[in-house]
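Chains F and H, in that order, give the protein sequences. Residue numbering for the first sequence follows the working numbering, starting at 372 and increasing by one per position. Residue numbering for the second sequence follows the working numbering, starting at 1402 and increasing by one per position.
I should point out that these hints are in silico values taken from the structure, not numbers from a laboratory. Predicted model only: the values in this text are computed from it and were never measured. Backbone N, C-alpha and C define an ideal beta-carbon position, used for all residues, glycine too. Keep in mind that the hints are not guaranteed to be accurate.
Said to hold, decoys possible - In silico PhoX-like pairs for lysine-lysine, Cα to Cα no more than 25 Å straight-line:
hint, chain 1, residue 1, chain 2, residue 2
1, F, K546, F, K588
2, F, K546, F, K504
3, H, K1596, F, K546
4, H, K1475, F, K443
5, F, K581, F, K607
Claimed, not checked - Far from chain F, some chain H residues (derived; all Cβ distances over 10 Å):
hint, residue
6, G1567
7, D1578
8, A1633
9, W1637
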Amino acid sequence: MTSIEFTHPLALLLLPLALLPLLRRRRDALPFPWLGLLPVDPLGSVLQRLWQALAMLTLAAIVLGLSAPGIKAAQIELIGRGAEIAILLDRSSSMDAAIRVHQRTVGESSAALQSKNDVARQALTWLLQQRPKNRFSLTLFNVAPIRVAPFTDDIAMVQAGLDASDVGRGPSDTKMGLGILAAIEGFEGRSYSGSRAILLVSDGGARLDKPIRERIKQGLARHRIALYFIYIRSSKNSPNLELVGTDVDARVEEVALHVFFAGLDSEYRVFQAEDPDSMARAVAQIDQLQNLPLIYRQRVPRIDYSRYCFAAALGCGLMLAGLGAVRLERLA
Amino acid sequence: MLQAVARRLCGRHNLPLLLALPLLGVAILELPLTLPQDVYRIQVSFDITQSMNVEDAGRDGEASRLDLAKAAAKTLLLSLPCGSRVGWSVFTGHRVTMLVTPLEICAHHDGLLASLAGIDGRMRWVESSNVGRGLFQSLRTAQQAGDGIAVVFISDGHEAPPLRRGSSGMPTTHSLDARGLVAGVGGDNPAPIPKIDAAGRIIGYWQAAEVIQQAEVPTAQGGEHLSHLHEAHLQWLARQAKLSYARLDSTRALVDAVREARLDVSASVGIDLHWVAALLALALLCFRFLPSR
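Full structure from sequences and hints, please.
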């Protein structure tokens, strides 16, 4: 894992250039008619050897630097806190409808409006930012599940998917059951590395048929997935799921869905949101809930040594220049 | 004496060495040099209607049209320079759903490939195919997602139900500042359109009586249950929207078409030039140590 690799190994073909200083050079010699005339100069020949060695080192270090040696980028596994969260976002046209930005206060004629999709997107964006080390997947659903991003550590990828969900309009029908099954499928074949949750964001309910209910139940249990349902209430007339008790009016789709979820063996929580504040609170609560140890992968960028090589070359080059001055000075 | 040292040091012989040293300094510092570089911002829109499952794409005609389109997009992703941004959309019926907005292709290489791999017919929310509206929506959503995003629209041009004679099926694109490319995929000979089950297996082929035929043609003689690349239709749509057209007959064809259509935008990208300085230093030193003639 720690072995050195070269980005441009072909540059190493230039290494023989480092032998250049060994070749005889008239320019660096001094004109004497006969070698015997010269006194024996042990220091001089040592300096000559040193000069050659430094010159060779300089060249070799530059060539080595050009080949860009380094340690490969790697992924290391770390243990942090958090969860694998599958975001399952309703992308039907009803999500483009607006809700009030805040509850109307007395005397206020009309409150500012914001689309449900906007509200959901902002809260989910906040969640992504809170948990850069968690793993997310993103699935949209309307008539069909649209798998945008399988589980990834790349938060920006999921964010781009959320941003894209803002563009254009979706069809009006929804088949939530298929969406939930697609989100469950996203956990298939993944080793269990920490707690798992599906975060379902929708403004409506669904009447699920029996085979689908059975598959959802089994899938959630098999993969040990918790289910969080953020229900965006469109108006005061939408059913209040938090008040659903014994007198269940299961004719309403939302209530039927809620009762089905509550009857599952898996962990289930419902959060109601009717404006950006309650949406943010719901997401913040989910953020609190999922804080168990999670194995996550972190990318360790490539470590490049070419700069060290060039620095070594510079050092050798400086000594070379210094040595040149000293040597020539002695001879002067 | 100092003078002599200085003279020797700066002498003609030592000049290359003295020039090489500051260059090496530059190589170490890695000054943030930015150069204008051609990068791309592309939103690829895939037709995921049923006719895209016909296996008649590519030179040998053995890949499904959608598979070839995806393979071509993958090649595109691997061929564009870093700093380019690519996003994915899918089209069926008369709507386009944007999956991811354009992301930088080198930093998000793995994520983009994983997302691309997940694109298939199972995402289809309706079974009809209105290619003209799909192209129009692709252009409009790209414009909504950001400035200067070029659209690459990959389709076989097969309309279902068929358009009435004389109808283009595309709203006017005057209001859109469109840049991009229409890429046609598929074979020239009409081929049966497979029916695919939830698991992605072919379970049969559409018959003439099961699809809506041209109004003027008796159902039994209609050819709408067969599909080929409607190249003339796509070329016409591309002309209307002021886009270029290219035929996608290999995984490489898309990259070439994108380059040819000049869809790039100039952007200042930090380019690491430290190696150039080092190479210059190396050249100077080699010159210095050359054996004299």
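Going down the list of hints, with the structure as the test:
For the hint linking F/K546 to F/K588, the alpha-carbon distance of about 17 Å falls within 25 Å, and the restraint holds. Restraint check: the Cα-Cα separation between F/K546 and F/K504 comes to about 31 Å, which exceeds 25 Å; the hinted pair is violated. Between the alpha carbons of H/K1596 and F/K546 the distance comes to roughly 21 Å, so the proposed pair stays at or under 25 Å and holds. A hinted pair counts as satisfied when its Cα atoms are at most 25 Å apart, and H/K1475 with F/K443 qualifies at roughly 24 Å.
For the given pair, F/K581 sits about 30 Å from F/K607 by alpha-carbon distance, which is inconsistent with the 25 Å threshold. With a least beta-carbon separation of about 28 Å from chain F, H/G1567 lies farther than 10 Å from that chain, consistent with its non-interface assignment. No Cβ of chain F comes within 10 Å of the Cβ of H/D1578; the nearest lies about 16 Å off, and the non-interface call holds. The beta carbon of H/A1633 sits about 28 Å from the closest Cβ of chain F, which is more than 10 Å, so the claim that it is off the interface holds.
Taking the minimum C-beta to C-beta distance to chain F, about 24 Å, the non-interface status of H/W1637 holds against the 10 Å cut.
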